[in-house]
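Number of protein chains: 2
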Amino acid sequence: MASSTTTSEDALRRALAERQAAVDAQAEAVRALKAAGAAAAKAEVDASVEALKALKVEAGAAARRLQAAVGAGGGGAAREEMRQAVVNTLERKLFYIPSFKIYRGVAGLYDYGPPGCAVKANVLAFWRQHFVLEENMLEVDCPCVTPEVVLKASGHVEKFTDLMVKDEKTGTCYRADHLLKDHCKEKLEKDLTLSPEKAAELKHVLAVLDDLSADELGAKIKEYGIVAPDTKNPLSDPYPFNLMFQTSIGPTGLNVGYMRPETAQGIFVNFKDLYYYNGQKLPFAAAQIGQAFRNEISPRQGLLRVREFTLAEIEHFVDPEDKSHPKFVDVADLEFLMFPRELQLSGESAKLVKLGEAVSKGTVNNETLGYFIGRVYLFLTRLGIDKNRLRFRQHLPNEMAHYAADCWDAEIECSYGWIECVGIADRSAYDLRAHSDKSGVPLVAHEKFSKPREVEKLVIVPSKKDLGLAFKGNQKMVVEALEAMREKEAMDMKAALESKGETNFQVCTLGKDVVITKKMVSISMEKKLEHQRVFTPSVIEPSFGIGRIIYCLFEHSFYTRPSKSEEEQLNVFRFPPIVAPIKCTVFPLVKNQEFDDAAKVIDKALTTAGISHIIDTTAISIGRRYARTDEIGVPFAVTVDSATSVTIRERDSKEQIRVGIDEVASVVKQLTDGQSTWADVSFKYPSHIGPQGDQE
Amino acid sequence: MASSTTTSEDALRRALAERQAAVDAQAEAVRALKAAGAAAAKAEVDASVEALKALKVEAGAAARRLQAAVGAGGGGAAREEMRQAVVNTLERKLFYIPSFKIYRGVAGLYDYGPPGCAVKANVLAFWRQHFVLEENMLEVDCPCVTPEVVLKASGHVEKFTDLMVKDEKTGTCYRADHLLKDHCKEKLEKDLTLSPEKAAELKHVLAVLDDLSADELGAKIKEYGIVAPDTKNPLSDPYPFNLMFQTSIGPTGLNVGYMRPETAQGIFVNFKDLYYYNGQKLPFAAAQIGQAFRNEISPRQGLLRVREFTLAEIEHFVDPEDKSHPKFVDVADLEFLMFPRELQLSGESAKLVKLGEAVSKGTVNNETLGYFIGRVYLFLTRLGIDKNRLRFRQHLPNEMAHYAADCWDAEIECSYGWIECVGIADRSAYDLRAHSDKSGVPLVAHEKFSKPREVEKLVIVPSKKDLGLAFKGNQKMVVEALEAMREKEAMDMKAALESKGETNFQVCTLGKDVVITKKMVSISMEKKLEHQRVFTPSVIEPSFGIGRIIYCLFEHSFYTRPSKSEEEQLNVFRFPPIVAPIKCTVFPLVKNQEFDDAAKVIDKALTTAGISHIIDTTAISIGRRYARTDEIGVPFAVTVDSATSVTIRERDSKEQIRVGIDEVASVVKQLTDGQSTWADVSFKYPSHIGPQGDQE
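Chain order of the listed sequences is H and G.
For the first sequence, position 689 (counting from the first letter as 1) is numbered 689 according to UniProt numbering, and the numbering increases by one without interruption.
For the second sequence, position 563 (counting from the first letter as 1) is numbered 563 according to UniProt numbering, and the numbering increases by one without interruption.
Accuracy of the hints is not assured; some may be wrong.
Okay, derived cross-link-like pairs now, DSSO-like style, lysine-lysine, Cα gap no bigger than 27 Å in a straight line [as the list claims (entries may be wrong)]:
| no. | chain 1 | residue 1 | chain 2 | residue 2 |
| --- | --- | --- | --- | --- |
| 1 | H | Lys152 | G | Lys101 |
| 2 | H | Lys604 | G | Lys669 |
| 3 | G | Lys604 | H | Lys327 |
| 4 | H | Lys600 | G | Lys281 |
| 5 | H | Lys600 | G | Lys323 |
| 6 | H | Lys494 | H | Lys527 |
| 7 | H | Lys198 | H | Lys159 |
| 8 | H | Lys669 | G | Lys669 |
| 9 | G | Lys518 | G | Lys472 |
| 10 | G | Lys101 | H | Lys159 |
| 11 | G | Lys500 | G | Lys519 |
| 12 | H | Lys281 | G | Lys591 |
| 13 | G | Lys93 | H | Lys448 |
It is worth saying that the hints were derived from the structure and are not from the lab.
Since the model is a prediction, treat every value here as computed from it, not as a measurement.
From just these sequences and the hints, can you work out the full model?
Spelled out as structure tokens, the structure:
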């Protein structure tokens, strides 16, 4: 289960609020300049070209300052402005569309429009190449509709909840923690009369928000007098709301089903078959890409918190006694921002750490976990995520499930703060054990010994009769606690019983200590011959929120630049070719038969080569046509300006080369496949500084 | 909405039952031979190699006869046997896994295991290349969770139902038409006392099964004394059961949602944005690949009728006044099996028809519909669907929605009969109009005239006062019927009124004729200047059931052959390289460091080239290793038998060539990309008839 991002986000949001004053003046200046630019644009037809040029320079400078502010993790206002610019472009160019818009939409549901859909397909194709293919993973594809028994075993039916409060009069629902969070933040930001003690208390509440029980949350809401934000009506007590979409399988209405909240369970229930498919060898990994669903109480954060999303999950099954990884050496030298527990608890920031050192020092629990952290880093940065705004944050003890050995989130910084986009967890044997218990089907691995081994085994035999006499109704819990002792604890007890005849023993399920006497339990180490070892594998789970990665990628790829011959700022997405929704555009420079025919030849060659492209034959200036494709991040533009050769222009440098018509498709293919870089082809082909370059 | 396949399937099943007697003897012989083969296999350890070889020859011949019988549309028993062989292989090799198997599964839900998942990914990638990329379609990706209003507009809330009956004592649910169908078929097949009149009646019931209302179905069930098949209890009357999975969006429980039954609605509701994105030009097509859901009452037909499936749908929007297609010429010469209405009604079979002729003669309604039929044919046959078991069947008038202009299904013959795998429908303006009406947002296209046009427009002005006096409460229906008249009908009325003063007029909504007099309505043609034409586009919808196509592909690709050195029959899938889940395997011939190192070099080169492959270093014979990969349809096997060169073996011909180690990846890439054929590379590289070939 992916945990919420609230803790780190909050920390960042608080820091941002504090720094906001410092950049307010600057943001104000930016707004003024922007307003000036907008007014000028309206006067466009009357104003002289000279006046416009001057304004454009001003606006360009302002935009650069804006971007610099945002790039440096600048203030809230600049971030909001940056986000608006990106989101406006994304919605205008149909990267995203609010779903069912003509019916006024549904909160938390978004469509990918044509360029967004292509980006998503490209990201998933690269994910398959980078993980499934390169690591020989076993990919599976399971249904979204899931019967209740599976999600009872996984714990989702019981625990996949958020605490909710209702407006007692209108019935409107709110997330209890959101209301408390908003209250504390508003007080801290706006209440000038706040005492230092009160401020410290509110900050503490924000810090522990995720750990509050329903009762504690309810008490705080009462104490602070928080009411429904829309109506000021009183609120109900908080109660858990299950976030799964429920449905019914088959016509009887008796079989409860849910839309899966993650894809992982489909892999766990198939462990046995997959293990046999893999020749009964460990380690191996299974992977799944698919839709997951989460019926959020009140979705916020736009595209980052949605009710339906694509997950790509890997379950790497490994012998718990050997978590080394043969390919760890390939990633050991990578150095990137890591944010281990100690740095978080001491209030420091993430630091550049070499992955090999993080594993050898034990910061990262084991090589396999480390290997996946390295592979995730490579995956994200190759997609175009800025490595300076990417960090790996270790879960704090209170964030991590009790069974987890270690857990790291790849967090990407965007205008909403640091967002958890990939979780990489060593979940030990928890999931397989849970499904073994519920289904009665052993989900285990075998290690056959080449010759039988003599092993010492701990044997604990509680005397149920004596325990029953002593503990009556609690007997069962004491027996279970005794049987669950590890070797060290058991041998200590044996020694104590032998020397003193009795000993204190903590029974967690009773919440107290009991006195165990010698006759209540026999403890010994016995020698046995074993022919094989049977064990439940550990699972290491990298889980990717594809939509979140894509959104952060959009923010990291976005920039603006002034145009040479146009008046407005131009938006650009600097997608690497593997991500770009369309790899190249083809423009006949002017409308004539010869150029159109050449464009058709190129069109056909690009299609055959499987390169997504568009032909733009509209009669507008070449500069405008370039701008139009820059705005959806097309990396290469082919301009047909003769019947035999064409120019290819690279989006970010705006450099152009000249290439023969019959070579266009293969050059673009090399560039988009990653076989050649722009530098390679610039070296090979003559550069072009022609009329269409000047028009830009 | 995809319609059911029942009609054609029934027809085929009846035909098969009649032909069964003819092939019974042959099937019996096959079974006897198979039984002999099985008995021998049990005695394997004792029997001499000679004896086994003899049996193998016999079994091989029997298998070939079996396949020939199935290939020729042979009897039911042979089909069942063939299906069992395919399905066993598919489940054993994890192409499919019944979902949640360790919890005893859920009817109608299947997982794709590793090779199945790869096949599906390959089919979808080819679909994107063949349709989206080559036709420049606008791909979108919308959520599965859909609010009720959208599916009310589309008609699914009201009409997406099957008729269900319940066991009155246990509550078990059945599809009413299935029970009636099973009853009729069993009577026809097994009741030797059946009179010719009764047989004719039962055949008639089967033929009209899809058209029966709930009352008619209920009456037949009563008349025939049909009871619950499992308990013999009486059954309830049939009533409609909606096949959508229902859920609730958000926490209040007040917003009903459904899991989408098709992906098309997501496109229709986005029409306006997509039309603008396309520069307000028609025609254009949008496409979507995604999950769809159908809560079947009692899923049968294994992998063909499931509760969750992947659809790939295209909505091609076109001016209803111009359904020509510029690329129709590219497909006009294709010739394949077509099964137009007339042939079905006259009891004939599908015939080879040239697509160009089918359109020019009007058998296919228009060029655009014809173009898509041609493109679907190319798509399916390139995937490996046998063109002799693929036909395009036109919907009969009673199958087609009233608004549809024409509708053809691509049906593929498999062991279940002829299965509808792609529907290609001209749905006219129905869907866009439905969403315009419900949402109030006009979903229309504009054609701007270069200069205003003078048009004659029919103006009908009913006199509500006079009509009200004459028809009282029926006035509204008469007014609507008058206003809905087309030009011809209106001008005829005008003439009649002018000559005779009154005329009879049929009002469908009243179910009778009324008399209209001259003063009740004024009819005239008036001239107007128009600057543009505003119209609702027609939509042509090719809709692909990806799971069904894949299942049929598995059956069409499957064959068995005897091995040279092994005893059993070998299973092979003859997938074309684009479909094959794994493109090549690499086998070091024997275990030694030199060969292992060479295999590693090849492994790396294949990974870099993005070719999915496996390395098989198990110490079993090369023949067995070939057999293992044939069984999952790997087209090429690379055997490392020296440190400098290797052999590449083609799966179906079993031919081998010798290639240098550094060339392996590029040769396999050419072969799997479709740039080279096996014939091409066989010509270029020396052929190899070495020891590993003999071992097979």
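Now the hints, each set against the structure:
no. : hint                  : verdict
1   : Lys152(H) - Lys101(G) : holds (16 Å)
2   : Lys604(H) - Lys669(G) : holds (21 Å)
3   : Lys604(G) - Lys327(H) : holds (13 Å)
4   : Lys600(H) - Lys281(G) : holds (20 Å)
5   : Lys600(H) - Lys323(G) : holds (23 Å)
6   : Lys494(H) - Lys527(H) : holds (17 Å)
7   : Lys198(H) - Lys159(H) : violated (33 Å)
8   : Lys669(H) - Lys669(G) : holds (15 Å)
9   : Lys518(G) - Lys472(G) : holds (18 Å)
10  : Lys101(G) - Lys159(H) : holds (24 Å)
11  : Lys500(G) - Lys519(G) : holds (12 Å)
12  : Lys281(H) - Lys591(G) : holds (19 Å)
13  : Lys93(G) - Lys448(H)  : holds (24 Å)
The structure fails to meet hint 7 from the earlier list, while all remaining hints are met.
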